[in-house]
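Enquirer: Take a look at the letters that make up each chain.
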Amino acid sequence: MDTRAVVILREVCKIIIPAVLLFALYVQFHGEYGPGGGFQAGVIFAAGVILYALVFGRETAQRILPLTTVRIFIAAGVLLYAGVGVGTIFLGGNFLDYNVLLHDPKHAQHLGIFLIELGVGITVAAVMITIFYLLDEFCE
Amino acid sequence: MLDHLPALQVIVPLISAPVCMLVTRAVWAWRIATAVSIAAFAMAVLLAREVSSKGVLSYHLGGWVPPLGIEYRIDHLSAYILIIVAATASITMIAAHKSIGQEVADRKSGLFYSAYLLCLTGLLGIVATGDAFNIFVFLEISSLSSYALIAMGRDRRALTASYQYLIMGTIGATFILIGVGLLYMLTGTLNIMDLQQRIPAVIGSRTLHAAFAFLTAGVSLKIALFPLHLWLPNAYAYAPSMMTVFLSATATKVSLYVLFRFFFGLFSPEVSFEYFYLGKILLPLSIVAILTASFIAIFQDNIKRMLAYSSVAQIGYMTLGIGLGTQAGSIASLVYLLNHALIKGGLFLAIACVVFRIQSVQLEDFNGLGRRMPWTMSAILLLGLGLIGVPLTAGFISKWYILSAAIEQDRWLSAIVILGGSLLAILYVWKIVEHAYFRPSPNPARDIPATREAPLTMLVPLWLLVAGNFYLGLDTSFSAGFADTAMRAFFP
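From first to last, the protein sequence lines are chains A and B. Under my numbering, the first residue of the first sequence carries the number 1, and numbering increases by one thereafter. Under my numbering, the first residue of the second sequence carries the number 141, and numbering increases by one thereafter.
There's no promise every hint is true.
Said to hold, decoys possible - Which stretches of chain A does chain B cover? Using the computed rule of at least three CB atoms under 8 Å from a CB of chain B, they are:
1) 35-44
2) 63-77
3) 93-102
Claimed, not checked - Some chain B residues judged to face chain A by a derived CB distance under 8 Å, without partners named:
4) M161
5) G203
6) L543
7) S544
No lab work stands behind these hints: they were computed from the structure. Quantities reported herein were computed from a predicted structural model and do not represent experimental measurements. C-beta: ideal position from N, C-alpha, C; glycine also.
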């Protein structure tokens, strides 16, 4: 590839990727007020990482996010989700009954959905990145 | 904690799946999966006792009251199926370690057991939930993980088998989703009990007809009803041996449960059989399934494929029972479901023992195995008798129930087909017996020292199933008794 084109690509990516990741976090943590939520945020975040891996190479990306770490995140998201559910059982409610998390049901519902969506986001992002890594490895 | 059992039944396998994934040593992944399967079985037994003493259990997820919230609902029918699924899971996992260690690479075994636990979660979830959309979600969880499990078979053809299953399974699941979506459009609810009350008011609407058609086609694909069975033989034949045991005894059985739940619970039997003529679809297809699939099974050289075709035929018996549209027929079908899960699970487990020792499922390689693996082969013989339906075995009870349900309605053609199917079963079971006992070992000098009996960890679960085959042939208080109570809820 023409070196100048690579330079442009790299420089543009350096500007875009932080914005993509930040936007993912916005979609994640603003999901209960506006459009968005864990799934969308996870996909956007993964898209940022995949873009980085495409331009700078998978090995460079894996120096920041190795496959083993990403696999831990896949499990961690599910465990966070289910853990909140089990936590509510131990606090005396039904599975995923957020009301028992805090004293005020309003805040408790807010906290509950926040944690659940975070779990979804983490797992979705990690699964997307893993699929990309494995496909890329397979194609080599 | 007892109040939370309906949810815990599904959640415990769900939580252990990611934990299994993180475990690096194969033996620990297996230990977790085994412990969880046994725990699931204990919970299923507890649930059955709770249902027997207290009646239907309803669990409100997140504290939201149904029909708005998602409800887990355990009645006699669900408790019965939960026990079958969890018991199969426990037996499979106890026997699995050595066989899986041989067939699946060590670095993949964490992921393998994690996929297995997700599959178990999905199957248990389908049965536990009382929400039509939730059934679809859990169906997808169990299907997606079973595609992965099948693809892990050693033979490269496992990949195409899994792909074929993926395409057909996805079509089936999509049809079910469309059906559920149409029902939601029509009634504005997804809760099965609520739907049951609202459907009589909208009868005659074309949307309802379309929904019924989509659900019938989708569920039929999932239970591998002839002629929608094409995914099943290859999927069973090329999956890792232990997963064939697990899937053959649970996946199609849970799909049959979905058929019960949709056409008896969601629509009532009157609507399904007198308005939509479900029997007119199920009966002819079942009869063709029994005859053709048994016939094809006779000509298979690969024993796993032979037993897979036999499964297609046996599914025909179960849908035939349902297709009769009577209480007796449905009870017969439920009894058949349990007995067949036991017999076919046992047969595939015996095949897994053979594969563990001789690495082959070809009929010629079974020559002389009767002398070299006597315990495994006699188990195949005894379970084969059950498959045929010889008195004293569980198979006899199930065939007897189906036969008397058919004769009760003067359906003589069905009755003849049921008996004819047993005759065909004698032929293919005999083929295995003949090769194992009456043909000389191809190269005795070389083979005898190499082939020993299967390890005890596999033989004990296998003989547990053989014992179960005879126990259920003598004492039907659990199988028929529980099925009878389960069906009384649907036939007032």
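Enquirer: Run every hint past the structure and note whether it holds.
Expert: Results of checking the hints against the structure:
1. Check result for the region 35-44 of chain A against chain B: violated, 0 residues qualifying (beta carbon to beta carbon below 8 Å, three or more required).
2. With 5 residues carrying a beta carbon less than 8 Å from a beta carbon of chain B, the region 63-77 of chain A meets the three-residue requirement, and the given coverage holds.
3. Counting residues of the region 93-102 of chain A whose CB lies closer than 8 Å to any CB of chain B gives 7, so the stated coverage by that chain holds, three being the minimum.
4. Of the supplied interface hints, the one on B/M161 holds, with its beta-carbon coming within about 5 Å of a beta-carbon of chain A, less than 8 Å.
5. For B/G203, the interface hint holds, since its Cβ comes within 8 Å of a Cβ in chain A; the closest pair sits about 4 Å apart.
6. Annotation: interface hint on B/L543 violated; nearest CB of chain A at approximately 44 Å, more than 8 Å.
7. A distance limit of 8 Å between C-beta atoms decides the matter here; for B/S544 the minimum to chain A is near 43 Å, and the interface restraint is violated.
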